[in-house]
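Undergrad: Read off the chains here:
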Amino acid sequence: MARLNLQSSSGKKFGGAEIVLALSIAVLVVIVAVPVFMILYNAFTVDGRLNIGDVVSIIREPDTYMALRNSLIIALGVTGLGTFLGVLFSYLVARTDLPLKSLMKLLFIVPFMLPSFIGAIAWKVLLSPRGGYINKMFMDLFNTTKPLFNIYSVAGIIVVETMYLFPFVFMQVSAALERMDPTLEESARISGVPLGTIMRKITFPLIMPSIVAGALLIALYSLAHFGVPAILGTEIGFYNIPTLIYRKIHSSGGSFASIRTGTVLATILIASAALILYLQKLVLKSGRYSIIAGKSMRPMLMKLRKSKMPILILCFIYIFITVILPTVTIMLVGSLKTYGLPFELKNMTLRNFQYIINWRMTRQAVSNSLFLSLGAAFVTMLAGTIISYVIVKMKVKGKFILEFLGVLPFSVPGTVIALGVILTWSGKFGINLYNTTWIIFVAYIARYMAFSIKSNSAALEQVHDSLEEAARSCGATHWQSMKDIVLPLIRPGMVAAFFLILLPALRELTTSVLLYGPRTRTIGVAIYALNEDGETVLACALATFALLIIVFGEIVIRRILSAKEGGPSGG
Amino acid sequence: MVDNIRLIDVTKRFGEVTAVNRLNLEIKQGECFSFLGPSGCGKTTTLRMLAGFEDLDEGEMYVGDTLVSSSVKKYYLPPEKRGFGMVFQAFAVWPHMNVYENVAFPLRVKKISREEVDRRTREALANTRLAGLERSFPGELSGGQQQRIALARAIALNPRVLLLDEPLSNLDPHNRESMRFEIKDLQRQLGVTILFVTHDQSEAMALSDRMLVMKDGVVQQVDTPVNIYYNPANRFVFSFIGLSNFVPVEMADGKVHVGGAKDAGFIGKQTQIDKSVFSSHKAVAAFRPSDVVFGETGSIGGKIVRRTFLGELVDYKVKVGEHDIRVQKNRRDVQLKEGDTCRMDFRRILWYER
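Protein chains in written order, with the numbering used here: chain A, 12 to 582; chain B, 142 to 495.
In short, the hints are calculated from the structure, not lab data. Watch out, some of these pointers could steer you wrong.
Derived DSS-like pairs: lysine-lysine, alpha-carbon spacing no greater than 25 Å straight-line [what the hints assert, rightly or not]:
{"hint": "1", "chain 1": "B", "residue 1": "K214", "chain 2": "A", "residue 2": "K317"}
{"hint": "2", "chain 1": "B", "residue 1": "K444", "chain 2": "B", "residue 2": "K478"}
{"hint": "3", "chain 1": "A", "residue 1": "K292", "chain 2": "A", "residue 2": "K410"}
{"hint": "4", "chain 1": "B", "residue 1": "K251", "chain 2": "A", "residue 2": "K314"}
{"hint": "5", "chain 1": "A", "residue 1": "K212", "chain 2": "B", "residue 2": "K252"}
{"hint": "6", "chain 1": "B", "residue 1": "K169", "chain 2": "B", "residue 2": "K325"}
{"hint": "7", "chain 1": "B", "residue 1": "K416", "chain 2": "B", "residue 2": "K403"}
{"hint": "8", "chain 1": "B", "residue 1": "K214", "chain 2": "A", "residue 2": "K314"}
{"hint": "9", "chain 1": "B", "residue 1": "K470", "chain 2": "B", "residue 2": "K410"}
{"hint": "10", "chain 1": "A", "residue 1": "K317", "chain 2": "B", "residue 2": "K215"}
{"hint": "11", "chain 1": "B", "residue 1": "K460", "chain 2": "B", "residue 2": "K403"}
{"hint": "12", "chain 1": "B", "residue 1": "K215", "chain 2": "A", "residue 2": "K314"}
{"hint": "13", "chain 1": "B", "residue 1": "K410", "chain 2": "B", "residue 2": "K460"}
{"hint": "14", "chain 1": "A", "residue 1": "K319", "chain 2": "B", "residue 2": "K215"}
{"hint": "15", "chain 1": "B", "residue 1": "K460", "chain 2": "B", "residue 2": "K423"}
{"hint": "16", "chain 1": "B", "residue 1": "K460", "chain 2": "B", "residue 2": "K396"}
{"hint": "17", "chain 1": "A", "residue 1": "K319", "chain 2": "B", "residue 2": "K222"}
{"hint": "18", "chain 1": "B", "residue 1": "K222", "chain 2": "A", "residue 2": "K317"}
{"hint": "19", "chain 1": "A", "residue 1": "K212", "chain 2": "B", "residue 2": "K251"}
{"hint": "20", "chain 1": "B", "residue 1": "K403", "chain 2": "B", "residue 2": "K444"}
{"hint": "21", "chain 1": "A", "residue 1": "K408", "chain 2": "A", "residue 2": "K494"}
{"hint": "22", "chain 1": "B", "residue 1": "K222", "chain 2": "A", "residue 2": "K314"}
{"hint": "23", "chain 1": "B", "residue 1": "K222", "chain 2": "B", "residue 2": "K252"}
{"hint": "24", "chain 1": "B", "residue 1": "K222", "chain 2": "A", "residue 2": "K212"}
{"hint": "25", "chain 1": "B", "residue 1": "K214", "chain 2": "A", "residue 2": "K319"}
Between the sequences and the hints, there should be enough to build the whole structure, so can you do that?
TA: Here it is, written out as structure tokens:
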């Protein structure tokens, strides 16, 4: 549709720019702004009138109050632990002579690619108080009835979430340490300052903004995280905000009261997310020292000497526990004849996988997920390209609205989007998508639009204005210069956006779990529901499939993204 | 014992590349010594090895009688124990500390009384003309001021040796000029040994008592600036230091003329000719643009094809046969215009093989 508008733009006075702008704003308003508005509107009004009293009384209900408290406790715990681990590992990788560093760097980011709710299922299998394999082994070995560790606990939830979220800090801080000018540390060293003091007084203060920025990202995700608490907390009646919203809506079949409670809780999520993002912006702004090296030099590396091997082994143990153990557990449990049997060859079978492949429900889930993620990735990529083009390249009034709407989804957690989409697309405005795949489709577009805009804008900013101007001055029309100059140059950014949406969408759970109907399960929902129904073996078998698809997808995206390096440039 | 710095057979390799090749050198206490060469010649690597940031692949380094680096003994005194001061190209002032803290921080780490730290900090700030800016943060200051902080921080420690790694190359030309003289004055006042890395020859000439010219990790010449300028050890040094002409010449009947331009005349008798470098009657004559003398009786004829006004100096491009000769003269001394013919003599010519 953009193509038509741009073509018609060349001659007429009310040009294509305004039409494209208006259309982009319309898309963002319908997809992103209306759902968010609907949540706020429903939270604060009853029958069209402002009603704050209800909001207060909903918050004071014991289970909503507890959910708020629990979300906060988990977020604090995960942020603290994740930041500690992220800083520790990034320092080891970037600033010591630890062997196999590039491998370690890759391995520490792997948890990021794995869906945390599948990890939670693995840990349930290993460490549930009675049936957990490790706990059973421990109790048999020491002849006790006390389990080694109960994963159904606040501590359990915090530890499992941390495993999957710490890469936020790890990546931020590694990047800062690598970019930092090594002479800032060297000048302290030659002045006689001992290494420990340099670390405390020079290095850490300088990378503090990156640490805080990463920590806030962990807090943002953990606060609104559904998967892990849903699998490990529900068992013991422990709810955080997203899982409580899910329970309320699910158990009441979508009643008005439950949706209203949901909107109030969702409003709190929106507010805290906005606060976190605001804080992050402040921190990054205040801490923008120019610590970036002028010429590339190898930074000074701390010699680990005798502790080199022990630390390396500890790192491998950490990676084994957080990545390999859960993945292998999922695969092994997926091949068990019955859940609970010991892992022996005679108890293994491939029948579960066969069953999954032939079962209508799982087939449908896989095809739904493929359709949804491919479709949403494609549509979102295209829409994001056009919107970014308007934001970055066009000189039209009113594009600040786009900029605001474009970053809005960053602060809207998946649960909130689901709720907003329900409120918007259940017939209130004449379109009822409830219980169809399309409601999930719309939700995915809203959820991943920010990814697309970010990736496309970055690519567009690399294309200097003069390249397009040169084409125009040679007589190319606006549309020709865009098609022949801009699009080829930003294609890598578009491809990146496509995959940045495709992969998380394939394993999405938080949003879909609130939106699925009898025939519209996604892979995530199917795994989650199977696990809830006690079909742990089948859940693991399907999860194995999911992991294979994800690993395959990650390898493909890495190939494509590394091939594009040295791609877009200009000016 | 004087704290002379001695480098013995120092070699450093990065993979296939030999960055520094068997460097032997002695630098006297109190000397201002510079390493000069094109980028990638190994001068910064040498300084970093001396500072203790790089290990050696071969050789040893001593300061006085103290061994500081040895590849054989696998012994490296850590940088923080060498008692050096160092100033980096990118300033490396700590952006989260103010000017006073930047200078005082290394002193505070040592076991020095509070009053002593304060006294030495203020003295160093006064010596670098930073007094009054104590509470400012580096981000608020100019490049020249930031580099003064780095200098103050280094001298506050009363180091035996001051290492400067291209300290002026991030400054604008005006600041560079004045900082150059400030460093020279400071060195005289404090009597500290200064080792100085630069790719700017005028900087090296202005500052050093002696200098070392390096190329591809190999020392070309170690001498005073005057000797290096007038008696370059080889063609590379001659071309690297100062402006230079390299003109192909040919010998005919024991007399030398510009290649392919016998008609233009023979180079005058007063110039000594080194016949040993001629092979099949061919060689290269090298001379400075300022060593050309215009005059009615000059031995070589040419034509002015370009005249460029540079201020005090005027730059001429003179065509002799196929070759261009660059000449620089004081603006008051010569009144030649573009298109004029001229005759030239040469005050001093160095002869190299073609």
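Undergrad: Does each hint hold? Answer for all of them.
TA: These are the hints, each one checked on the structure:
no. : hint            : in the structure
1   : B:K214 x A:K317 : holds, 19 Å
2   : B:K444 x B:K478 : holds, 10 Å
3   : A:K292 x A:K410 : holds, 21 Å
4   : B:K251 x A:K314 : holds, 23 Å
5   : A:K212 x B:K252 : holds, 17 Å
6   : B:K169 x B:K325 : holds, 17 Å
7   : B:K416 x B:K403 : holds, 18 Å
8   : B:K214 x A:K314 : holds, 18 Å
9   : B:K470 x B:K410 : holds, 23 Å
10  : A:K317 x B:K215 : holds, 17 Å
11  : B:K460 x B:K403 : holds, 14 Å
12  : B:K215 x A:K314 : holds, 15 Å
13  : B:K410 x B:K460 : holds, 22 Å
14  : A:K319 x B:K215 : holds, 19 Å
15  : B:K460 x B:K423 : holds, 20 Å
16  : B:K460 x B:K396 : holds, 20 Å
17  : A:K319 x B:K222 : holds, 24 Å
18  : B:K222 x A:K317 : holds, 22 Å
19  : A:K212 x B:K251 : holds, 14 Å
20  : B:K403 x B:K444 : holds, 15 Å
21  : A:K408 x A:K494 : holds, 24 Å
22  : B:K222 x A:K314 : holds, 16 Å
23  : B:K222 x B:K252 : holds, 14 Å
24  : B:K222 x A:K212 : holds, 19 Å
25  : B:K214 x A:K319 : holds, 22 Å
Checked against the numbered hints listed earlier, the structure breaks none of them; every hint is satisfied.
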